[in-house]
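Residue numbers (our numbering), protein chains in the order written: chain A, 1 to 185; chain B, 1 to 120; chain C, 1 to 718.
No wet-lab data here; the hints were simulated from the structure.
None of the values given here were measured: they were computed from a predicted structure.
Misleading hints may appear alongside valid ones.
[What the hints assert, rightly or not] Some chain C residues flagged as far from chain B (calculated, every beta-carbon gap over 12 Å):
| no. | residue |
| --- | --- |
| 1 | S203 |
| 2 | N543 |
| 3 | P622 |
| 4 | T643 |
[Stated by the list, open to error] Cut-off 25 Å, straight-line C-alpha distance, at most; resulting in silico cross-link-like pairs (DSS-like, lysine-lysine):
| no. | chain 1 | residue 1 | chain 2 | residue 2 |
| --- | --- | --- | --- | --- |
| 5 | B | K95 | C | K237 |
| 6 | C | K331 | B | K35 |
| 7 | B | K95 | B | K45 |
| 8 | C | K704 | C | K670 |
| 9 | B | K35 | B | K74 |
| 10 | A | K172 | C | K704 |
| 11 | C | K704 | B | K89 |
| 12 | B | K89 | C | K58 |
[Said to hold, decoys possible] Far from chain C, some chain B residues (derived; all Cβ distances over 12 Å):
| no. | residue |
| --- | --- |
| 13 | M1 |
| 14 | S12 |
| 15 | K35 |
| 16 | G39 |
| 17 | L40 |
| 18 | N44 |
| 19 | K45 |
| 20 | N54 |
| 21 | D59 |
| 22 | L67 |
| 23 | K94 |
For each residue, glycine too, the CB sits at the ideal point set by N, CA and C.
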Amino acid sequence: MNDVASDTIPYIGEDDTYHDINETIGKQFLTVSLQGETYCIDILSVNEIRGWQTPTMLPNAPEYVKGVINIRGNIVPIIDLRQRFNMEFQEYNETTVVIVLSVEEAGISRVMGVVVDAVSDVLNIDESEIKDAPDMSGSIDASFVMGLCNVDDGVVVILDVEGLLALSDIRKHYGAEERSEESVS
Amino acid sequence: MTKILAVDDSSSMRQMVAFTLKSASYDVDEAADGKQALGLAQANKYDVVISDVNMPVMDGIELVTQLRQLPAYKFTPILMLTTESTADKKMAGKKAGATGWIVKPFNPEQLISTVQKVLR
Amino acid sequence: MSIDLSQFHQVFFEESFEGLEIMEQGLLGLSPGETDNETINSIFRAAHSIKGGSATFKFEEVSSFTHILETLLDEMRNGEREVTVEAVDLLLQSVDVLKDMLQLLQAHEPVPESLYKEISDALEAMVSEEGAGEGNGESAAVAESSASSNVVEATDDESMSWLIQFAPESHILRTGNEPSRMFKELSLLGEITVVCHHQKLPSLEEIEEELCYLSWSIILNADVDLLQIEEVFEWVKDESELGYEHLPLSAAEERLGTKASVAVDEVAPAAAVEATAPGSPAATPEAAPAADNRQLQVAPKKEVKDTAAADKKPAKVASTGSSSIRVGIDKVDSLINLVGELVITQSMLGQMGDDFNLEKLERLKEGLIQLEQNTRELQESVMRIRMLPISFVFNRFPRMVRDLAKKLDKEVELELIGEGTELDKTVMEQIGDPMVHLVRNSMDHGIESPDKREQAGKPRVGKVILNAYHQGGNIVIEITDDGAGINAEKVKEKAIERGVIDEKSELTVEQINNLIFEPGFSTADTISDVSGRGVGMDVVKRNINSLGGSVEVSSTPGHGSTFSIRLPLTLAILDGQVIRVGDQIFIVPLISIVESLQLKNQEITKIVGNTEVYRLREDHVPIVKICEEFCIDAEFKSYDDATVVVVEAEGVKVGLMVDELLAQQQVVIKSLDTNFISIDGISGATILGDGRVALILDIGGMIKRVNLTKKSKKAYAA
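The task is simple: from the sequences and hints, build the whole structure.
So, in structure tokens, the structure goes:
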């Protein structure tokens, strides 16, 4: 009955044909621009794309956390990707968009919006074409980057959504705040 | 469609029995004790009744006794859900007029094959 | 077909926990030597259900453990065993062990043998010790076949067959057993030949149509196990004469006097129809372990998100897990009615919208008022679904009081009042521990030893009363004891000694009594193992505060004390005051607001460390500027422009400086940490009428924050 199927599925997974199917389809990525550079986000993580709306600020949050907005009854935090990547802050305008992303964590999906300059395109990228990023001692933290990929007009950075949405830095920020106060007292 | 009445005070067992039988495309009603079951049995005509023995309000033995007194249930298959430890209960159930028994623990496949057995 | 039994596990766990409650309550009500059959019966039934379920769902440790338990209870039920104190104690311990086992299984964790071995051995010892004589061995004897079987060896070249004699008692049909069913089943085992004996058939006028007068001889031409044939007749063997003989086919045919096989007409076609499922009875043994394997592959348990206030004990929440709720049908019916009304209102408004003109304005207003009322009623009804009677919490106390009284060598009687009072399930889950602590405290420090009570002219048996009732939008839970009461002098002494209060403070007795909730306070001379362990009343108070509730004590020396816990009925909705600071909107829980007022510049005094305080009658209330705390540009330039909202938490008052007070409204609490993390000073967020998000201030957290900053400022100043 079921047991047969559950035994064979992992086997198929290891089979070469399975990969072939996957490879021909490739993965779709949404490309966004930040300071004139192109970044790619796995389209499966994208819930929706919205215009900029002023969020409700969160007290004493890190600068890149712009606040929270209401998306169909959910309280969703918004972060500014420029500021997250230590780029120069740019005032929001009509083309500023918020990409609402979701990640699964322990079976529960968590949603967050990221502010980018603009959305440009959807790309098909073969997973085999994604190269490990060289150790970039640049502005972007390595945990945000999944890899690089060559496209017609240059190299694009493929973003790691899980890294992007990780809360550890924010937790650290609030924790540090508390600690500094405690240590003084 | 074949109608079955499942009687058990334990809702997990009852749900399991009902779910199993429904998935074998029987029409199943549920009752949590003998009294409820008797009420349902009078309002509907079931082709098979499956009942637990130990129940509050009215136990399975009493239920069988009462059902057998209803003209509509004189010959209806009534199966008791019993455990190994209650051999004397099997006898009491038989005396009251139960058709047979299903011994707990049973698995869904056993349940279905037993029900198929008593249905012609 | 395969059915995944794990879908029923959650229901099984829930009903098992309920069953354990019933067992515990029943056991606590049992006195030694008693033979209250209904009580014992209900305890037995609960154990029996757990056993049946656990065996079906393959929780073997539980089923074998409950099996012993059940044996013991069965003997008690049948009057074969006396109800002794030892037996009841052991059974109560078994209930605890079962609870632990089930909790582990529910969390998909293994059950270590060490958990139940000791109690299980003790149960086993008790079962075998006396009263056992019958019962155990008996069942095997009953199960043994009452039929006789003759085995005749066959010659090598001839196939063996079974000759079966089947003479059912006349009332066989009344048990729903049709002989033809048995023949059909036999035919699944092999080719059969049936000869019907009708000698006992009476004359036509004497025939009762419901009786069976026939008997049969059957040749089963198949070399099967006797067991397989016995199984066919299992249900009727006690009402039938059955004989089985294993013979070569020819010998059997000879005995039957038929050389040519006379197949019973109905049977042969039936066999053909059934041919699709021949393997089914035999297949079941293999199917069983298969089902077992499936069950072990359970999906990882989902982490439970709690919408309620932030810092609670995660372990407790996790154990109650992805829980479900049982709802009375009346509550569901009232919901359906309300939804019906809502639909009517909606269609009325919808029609009006189709061709709206100003003449209909009045009706539109009416419609909107109706809509508002529908919505409010619907909201209340939905909230009521989460409400459960407080007996779920109260029920754990009889056991606890009993055990504790024994340990403390005191005699205590527990009285429960208002068990039907309902409150939110989440609040219920959180209030248990603080209540346990308060009851322990009452028994440990409040109730005196029996001798002391006698000296004081009181009955030897002390009394603890738990009383729950609704008052306004709150539930009040009172824990009253008739013990010695609080010694206010001693409390004051200790408070001064520990620096909780100043020597010169003038406090009312009431205020002094409530000092026991201050951090670092313990009135007991020695920290006992019962209510001590370093956990003080301050923790109790903090826990209750974190639920948005309060606790206070009143006491009469010599006559006892009453602890009153006041809690909101639900954690999902909050009465809030909407305030504005700069361009930001916040919600302040109404329950923590003392008053709001306009300040005049001169009423502000600066004290050490740059803290500004405002004099509110006797109190000096420190001013907290939300704008500074949260880095917002506020509008007010001087205190003349600002409004101060005086709030209180844990006995500390502060004045929050805001730009404007807006409406008061009920808000639905949403947790921030669903998609983010929880933040100090913020208990959650809500969505305003215009769709914007507003943060809800956590006053307790705010005050803590301010204290921290204040301290740091002091440090800078020093």
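Review point. When you check the alpha-carbon spacing of C/K704 and B/K89, does it fall within 25 Å?
Key: With Cα atoms ~65 Å apart, C/K704 and B/K89 exceed 25 Å; violated.
Point to revise | 25 Å limit on alpha-carbon distance, applied to hinted pair B/K89 and C/K58 | key: 23 Å, holds
Point to revise | Assertion that B/G39 lies farther than 12 Å from chain C (Cβ) | key: B/G39 is indeed farther than 12 Å from all Cβ atoms of chain C, at 16 Å.
**Study point:** Status of C/N543, Cβ more than 12 Å from any chain B Cβ
**Key:** Non-interface label on C/N543 holds, nearest chain B Cβ at 33 Å vs cutoff 12 Å.
Point to revise | 25 Å Cα cutoff - pair B/K95, B/K45 | key: Status holds; Cα separation ~23 Å.
Check your understanding: Any Cβ of chain C at or closer than 12 Å to B/L40, or is the non-interface label fine?
Key -> The assertion about B/L40 holds, with a minimum of 16 Å to chain C.
Practice item. Would you check the hint for B/K95 and C/K237, treating anything up to 25 Å between C-alpha atoms as holding? Key: 13 Å, holds
Practice item. Verify that the Cβ of B/M1 lies farther than 12 Å from every Cβ atom of chain C, and report whether the claim holds or is violated. Key: At roughly 17 Å from the nearest Cβ of chain C, B/M1 sits farther out than 12 Å, so the non-interface label holds.
**Study point:** Status of B/K94, Cβ more than 12 Å from any chain C Cβ
**Key:** 6 Å, violated
Practice item. Against chain C, does B/N44 hold up as non-interface, every C-beta pair farther apart than 12 Å? Key: B/N44 is indeed farther than 12 Å from all Cβ atoms of chain C, at 17 Å.
Exercise for review: With 12 Å as the threshold, tell me whether C/T643 passes as away from chain B on beta-carbon distances.
Suggested key: 55 Å, holds
Review point. Taking only the CA atoms, is the gap from C/K331 to B/K35 under or equal to 25 Å?
Key: Within the cut-off at roughly 24 Å; holds.
Of the numbered hints listed earlier, those contradicted by the structure are 11, 14, 20, 21, 22 and 23.
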